[in-house]
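Residue numbers are given in this note's numbering: position 831 of the sequence shown equals residue 1501, and the series is strictly consecutive.
If you're looking for bench data, these hints aren't it; they were derived computationally from the structure.
Lysine-lysine pairs mimicking DSSO-like chemistry, simulated, CA-CA at most 27 Å apart:
1) LYS762 x LYS825
2) LYS1286 x LYS1621
3) LYS1236 x LYS1539
4) LYS1475 x LYS1393
5) LYS1393 x LYS1210
6) LYS950 x LYS905
7) LYS1599 x LYS1449
8) LYS1449 x LYS1485
9) LYS1445 x LYS874
10) LYS874 x LYS725
11) LYS874 x LYS1599
12) LYS1417 x LYS1393
13) LYS1445 x LYS1485
14) LYS1598 x LYS874
15) LYS1295 x LYS1547
16) LYS1210 x LYS1387
17) LYS1476 x LYS1465
18) LYS725 x LYS825
19) LYS750 x LYS905
20) LYS1621 x LYS1295
21) LYS1113 x LYS1393
22) LYS1210 x LYS1621
Derived CB-CB ranges, DEER-like:
23) PRO936 x LYS1598: 41 to 51 Å
24) SER788 x LYS750: 17 to 27 Å
25) GLU1540 x PRO1086: 18 to 28 Å
26) ILE959 x ILE734: 29 to 39 Å
All C-beta atoms in this analysis are idealised placements derived from N, C-alpha and C, irrespective of residue type, glycine included.
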Amino acid sequence: MVVIASSRGLSQRSKKASLVRAEQIYVSTSALKKIERSPVTHITHYDDYEEVTLKGQITLSRSIGTDHKFPTPFPEFQRKLWFTLVSSDLDKHGHLKTSARTQIQEDGADDDDFYQLSFRVPSDFGEPGALLVESRNTEEFYLQTVDLKDQDSGKDYVFACNSWVNYTEEAGRPNEALEELLYEKLFGSTHFKVNQVRIFFINKPCLPKDTPAGLRSLRALEMHLLRGNGTGERKTSDRIYDYDVYNDLGNPTASPPIIRPTLGGPGNLPYPRRGRTGRKVDQASGMEIPPPLDATNRPGDAYVPRDEDFSLVKGNRVSTDLLNGVLKTVIPSLKAKFDETPDDFDTLQDVFGLYNEVGVKLYPQSPDLQPTAEEKKKVEELLSKVYSAAAPGVPLPADISSTLTYPTAQVVQDEPMSWMSDEEFGRETIAGMNPWVIRRATKFPPTSSLPEDVYGHATDLTPWRTSSHTLLLREGKSQLQRYQIKISPSICLTTVTKDLTRVSYHLLISEFFFILSNTNSNHPSHDSKTYSGLQAIRQKRLFTIDYHDVYLPYVYRINNENLDDKRFIYAPRAFFFLTDDQQMKPVAIELSLPSPQKGVPEPQHRVFTPPKEENKYDFQWELAKLHFASVDFGFHELISHWLMSHAVVEPFIIASHRQLSAMHPISVLLEPAFVNNMRINANARTGLIAAAPVGPIENYFTPGKYSNELAGVAYDKLWRFDKVGLPYDLLERGMAEPDPSQPEGVKLVFDDYPYAKDALDIWHATKQYVTEYVKVYYKTDEAVASDEELQEWWKEIREVGHGDKKDADWWPSCKTIHSLIDIVCTIFYMAGPQHASVNFSQYTYAGFMPNRPPMTRLPIPEPNTPEYKEMLFNFEKYMLKSASSTEQTIGIQTVLNVLSVHSEDEEYLGQRLDSHWTSDPRALEVFKKFADNVQRLERMFKQRNANPQSKNRFGALKSTGYTLMYPTSEPGLTGKGIPWSVSI
671 MVVIASSRGL
681 SQRSKKASLV
691 RAEQIYVSTS
701 ALKKIERSPV
711 THITHYDDYE
721 EVTLKGQITL
731 SRSIGTDHKF
741 PTPFPEFQRK
751 LWFTLVSSDL
761 DKHGHLKTSA
771 RTQIQEDGAD
781 DDDFYQLSFR
791 VPSDFGEPGA
801 LLVESRNTEE
811 FYLQTVDLKD
821 QDSGKDYVFA
831 CNSWVNYTEE
841 AGRPNEALEE
851 LLYEKLFGST
861 HFKVNQVRIF
871 FINKPCLPKD
881 TPAGLRSLRA
891 LEMHLLRGNG
901 TGERKTSDRI
911 YDYDVYNDLG
921 NPTASPPIIR
931 PTLGGPGNLP
941 YPRRGRTGRK
951 VDQASGMEIP
961 PPLDATNRPG
971 DAYVPRDEDF
981 SLVKGNRVST
991 DLLNGVLKTV
1001 IPSLKAKFDE
1011 TPDDFDTLQD
1021 VFGLYNEVGV
1031 KLYPQSPDLQ
1041 PTAEEKKKVE
1051 ELLSKVYSAA
1061 APGVPLPADI
1071 SSTLTYPTAQ
1081 VVQDEPMSWM
1091 SDEEFGRETI
1101 AGMNPWVIRR
1111 ATKFPPTSSL
1121 PEDVYGHATD
1131 LTPWRTSSHT
1141 LLLREGKSQL
1151 QRYQIKISPS
1161 ICLTTVTKDL
1171 TRVSYHLLIS
1181 EFFFILSNTN
1191 SNHPSHDSKT
1201 YSGLQAIRQK
1211 RLFTIDYHDV
1221 YLPYVYRINN
1231 ENLDDKRFIY
1241 APRAFFFLTD
1251 DQQMKPVAIE
1261 LSLPSPQKGV
1271 PEPQHRVFTP
1281 PKEENKYDFQ
1291 WELAKLHFAS
1301 VDFGFHELIS
1311 HWLMSHAVVE
1321 PFIIASHRQL
1331 SAMHPISVLL
1341 EPAFVNNMRI
1351 NANARTGLIA
1361 AAPVGPIENY
1371 FTPGKYSNEL
1381 AGVAYDKLWR
1391 FDKVGLPYDL
1401 LERGMAEPDP
1411 SQPEGVKLVF
1421 DDYPYAKDAL
1431 DIWHATKQYV
1441 TEYVKVYYKT
1451 DEAVASDEEL
1461 QEWWKEIREV
1471 GHGDKKDADW
1481 WPSCKTIHSL
1491 IDIVCTIFYM
1501 AGPQHASVNF
1511 SQYTYAGFMP
1521 NRPPMTRLPI
1531 PEPNTPEYKE
1541 MLFNFEKYML
1551 KSASSTEQTI
1561 GIQTVLNVLS
1571 VHSEDEEYLG
1581 QRLDSHWTSD
1591 PRALEVFKKF
1601 ADNVQRLERM
1611 FKQRNANPQS
1621 KNRFGALKST
1631 GYTLMYPTSE
1641 PGLTGKGIPW
1651 SVSI
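Turn these sequences into a full structure, and let the hints guide you.
Below, the structure is given as structure tokens:
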């Protein structure tokens, strides 16, 4: 069935320890007791009272078939659909007040999504508080809003439903008999059945203690129904929110079985929980059996609660469907092509050819490898959608049926070779696709948390591990005098005064070093100043990105994996020096390998430094940068992006639906941050991060089948909720210092840090909004601490959703207004700005493979070897031979092209596309102020990009500057825009 109309668009407006499953919190019993304590015994019916009329419009979207007709004629659809109003008040006997059931009427307009609804209720009915929707239609529909008006008073009552409504006759639900008794208790011996009626509340949020008497039982019942009981396999129409571990990334039914370790739960690597599907588990492996294969022989969609699926033809669904289509059609076609043809780029011009009319031919020449006409048609249709999504309104390529071309990546759009400069390499650490891993160095040489008896010494960046007596950072100009001075072991970081015309930075490991000075000086230290390593650290000029400890335990396994495609990885760390003009200059890269002899703790560390003269290339240095960039990209994709933005947010979503009523103000506040996340994550588990050969991450990134394990290591070592919020993250990384005079109490160590500077302003505006909103509903800390729903929500997040970290002492208390504000701001930050910074930058920087190669295949050659001579003879070809193959490049580039696109109906920070999200004027006033602030920030960010002194905002992006924190964007591939949620 094809479904028409977007719900939001309509109103402008969706891994034997492996056998351990997620812990369950059985809260249903307490919920049932609350209902049992209700004084309600039956419904009050009215016969002889004076009546008032409530009329209004209902917005719902029905399904259409392939014949473009509704499957059910309207009279039949209408006859099996009833609506009942419930008053916010109880009657004088403590009973529920309900209206008589009514049905929708066509409104006579051409639009099939709008219908009329009318209720007659007694004059003392009180304010409507809930709407009961009973459907016995086999046809599912999407109910968006019910907007009623009291014909006498003119007062509006709006139910912002935004939910799929369906009916199932299936019996045998968990606790079904008990639930039926509860329904009878609430509604009397009536027609209402647990599998037929839905409860919706008026869009007027309230804390549990303020819940009107007529709605208390319904509030408890609705949450009980959403929790389930942790048993049974979920079906598409279910609305059950529950937890499970990541034991669904492999395929135990494949031949041979594809097994991956379970992530999360006792005895496994720590990991956040995901939504439970209840699918059967293979007892031998502990892996969940994947969904049945679809027509393209790939796993079908995994279950998510029905309302977590995309809302009809929402644009974000288009983007995700494009990704699924790419994985199912384009990638197999390309694989067949590259099975036939050579699979390496020879020159950079070959890579640039992907952006112009040359492109890459989609199909092999051999008739035996040709796809069928139907398969070609599917590829062509899909590519038409990909091109249109990336560049709306731009004509499609004429040869779309046979050639695949790509939009030019922004990193090479203005200056095609600037990506290769050390300046751009350093700039991307603070303004690129992974801008929140760099940290200020606090010790040198670097250390390691890995046990030395297993992995050996941590580094060769020490005088006693090399022939050197010093580490020198030198800075100089074109005409220099040479001085050789032997010194005691230390680190010297030398910089020169501002009157030198050209400056270069080098970290040398040598017995001698150069002192650089003005050539007219008779003293080597004239016009120069020298820092010891300790001084450089104290003056906040030495920075590092260190992946050594996360990767080293896996390097031997990755490099010795028996695969058709050769892979080679190092465990890298890099050091950067902050120049006087606030640029990050790379001064050393250390690439580490474990001992080639297992069990012998003798690692191999190789240190690479920049060329000693300006405008000269050092091929080994360039390869060291390439290897570092590749690991950085892999870390970005699976840890910074998937783990830290997608996976860690999902438990918050599940807990919110299980423990916070739809009436709860915090639920209403957080709703836009949760849109689409669970569906996107479920799709990723059967696609993007699934085991090879299905998943692009395992296929195209060097760690291969160890990728998800590495994410588990990172979650264990690196993730702390109290350090996720931007100000706390910046302090923890040493990129900012406490400063009470600043809006968020922190000041950047250097101002030209584009991501942090803009994101801090976004954080501040968001915190102002959250603070004012929270204080509308909570006047005291006691009100926060005594909110039962809120406290159960926070308990479940800590103890179940992130249960592998439940004993950590760093969790916030959620007992005070301040603590709640910080928690909500952090959730908004993870789902919004943090995700936007790493998602919508992907094609900008990794859309040109040599800048961020997903895979490395060869080690850096040692001098006096055949490989070294090969490198010297044709460095360009050797570099490309070391990086991703053509097939790997095309595969990941196609995926990134889709992942980096904004849909047409994206909901950005500062926007609420559903105008009925609340009727509370206090909340609306607070939001209007926030929206105005966001618009002001966008204008301010554009002004910052007009300042040529902010060099780090530009670099290779001469024409655009740093745009990733612009709150809004046009549709397509733009490199800007902050959606509220993890929307793709």
